[in-house]
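J.: Sequence:
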Amino acid sequence: MAPKPYIVVGRSRDCDLILDDPTVSGRHARMEWRGKNIVVQDLGSANGTFVDGEAIETKEIRPGADLRFGRQPFPWSAKTVRDFLRAGGTDTVLGVSIPGRRFICGSCGTRGLMPAGFTGGVLRCGACSQRLTVSKPKAGWGRVLGMSLSLAALGVGGFLLWKKIDDGSLQSAAERLLPSPEASRSGSPQEASIRVHTLPKVIAAFDATASVTRNTAARIAAQDEGTFRVEQVARIWSHVRGEWRYVNDPHGDEYFAKASETIENEYIGDCDDFAIVLVSMITAVGGNARLVMMDGPQGGHAYAEVCLPEDSDTVRDRLSTHYRRHPDSNIGDQRVSSIHYRPGLAAGTGVAPVDETCGVWLNLDWNAGVPGGIYEPERWAVAIYPNGNTETLAPAADPDAEVTQVGSPP
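If you count the sequence shown from 1, position 205 lands on 223 in the numbering used here, and the numbers rise without skipping.
Since the hints were made in silico from the structure, they are not lab data.
Check the hints yourself; a few may be wrong.
Within a straight-line C-alpha distance of at most 30 Å, the following computed DSS-like cross-link-like pairs (lysine-lysine) qualify [what the hints assert, rightly or not]:
1) Lys-77 with Lys-97
2) Lys-77 with Lys-219
3) Lys-97 with Lys-54
4) Lys-77 with Lys-22
5) Lys-77 with Lys-54
6) Lys-54 with Lys-22
7) Lys-22 with Lys-97
8) Lys-276 with Lys-219
Since the structure is predicted, the reported quantities are computational estimates derived from the model, not experimental observations.
Please construct the entire structure, taking both the sequences and the accompanying hints into account.
T.: This is the structure:
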């Protein structure tokens, strides 16, 4: 059967190309050949379709363009896409280099340039760390040298796509398509994507020093006055959780409200707004906290975690005592029989700005009546710290994950 000259892309199982990412809609976009170009049509997606970083409704592109659905880069080397390219492509060649050696990683979609003077061997993608085997150039191509590239590690099949460009546009193309320094410092493809597309917006939303954020947090924490401790976390979490009203982001946009904005708006927003408020308020009273972005069976989610220096048994016992003395009937069951957390690290061994030993990273998700509620199942998880660092975490509910529950107090 001849390949179809069009494909539908989305998360739905009936799409031609399935992209299992929480920012991709069920039927996100349609791609169809028109002459030598591909027409990309957004199908009313929630998080948008982007070409060269600009949101589009319908646009003609060439194979290998910077195309993204939500936060998900388009995988030009996927088998379905290769079949689609063969259906209409006439001058897009798999494995053909150009002056400047532009490439797209067949594993994660990151674009970049081959090192100067590279003529064959093994490279590693700076974003996803995939090993890429490059054969020696074929004879007979003249200035355009043929190279066959395939994924070598883990038995994953794929290709790197190359596209011809004229010499006059080479320099601008090379500058635009070099791998992002942000992505190259990442420990997973998801972390690379977050560093490039999401991190600046989240960091801008952390405003612990804004007067509204700082004064509100200090006023709440002062009910347990003194140095920063878990009881102050409980006060802040219960206040925000009790006041919160859920509202989605604007249609078609991923909006990260500043903490002060959400506080002034009487605690209205979605999960990432909830996490941003908690991280900012905890930071404002001397604590260390982080926002965790994840994807699971129910889709994408965000929540906060706080670093506490005590061991897990002490944290659980102090939370139990606090909520016995200060229950909040508006939230619901506030008995602390167990806590859920990620193990912390000794001082100076993590990427967080932690001055003391971090015994636990306590879960501050909104799905329980107290801090330390159960984690949702996760496929992947990436932490964002207020100082701009990111970290790929072991997913919750993974058998190998370092996510722990502590049982009932004796």
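J.: Give a verdict on every hint.
T.: Taking the hints in turn, this is what the structure says about them:
1. Straight-line distance between C-alpha atoms of Lys-77 and Lys-97 comes to about 23 Å, which keeps the hinted pair within the 30 Å bound.
2. Annotation: proposed proximity of Lys-77 to Lys-219 holds, straight-line Cα distance about 26 Å (limit 30 Å).
3. Proposed proximity of Lys-97 and Lys-54 is supported: the alpha carbons are some 20 Å apart, at most 30 Å.
4. Distance restraint check for Lys-77 and Lys-22: the Cα-Cα separation of roughly 20 Å lies within the 30 Å cut-off, and the hinted pair is therefore satisfied.
5. Proposed proximity of Lys-77 and Lys-54 is supported: the alpha carbons are some 13 Å apart, at most 30 Å.
6. Of the pairs offered as hints, the one joining Lys-54 and Lys-22 holds, with about 15 Å between alpha carbons and a cut-off of 30 Å not exceeded.
7. Between Lys-22 and Lys-97 the CA atoms are separated by roughly 13 Å; this keeps the pair inside 30 Å, and the hint holds.
8. At roughly 9 Å between alpha-carbon atoms, Lys-276 and Lys-219 fall within 30 Å of each other, so this suggested pair holds.
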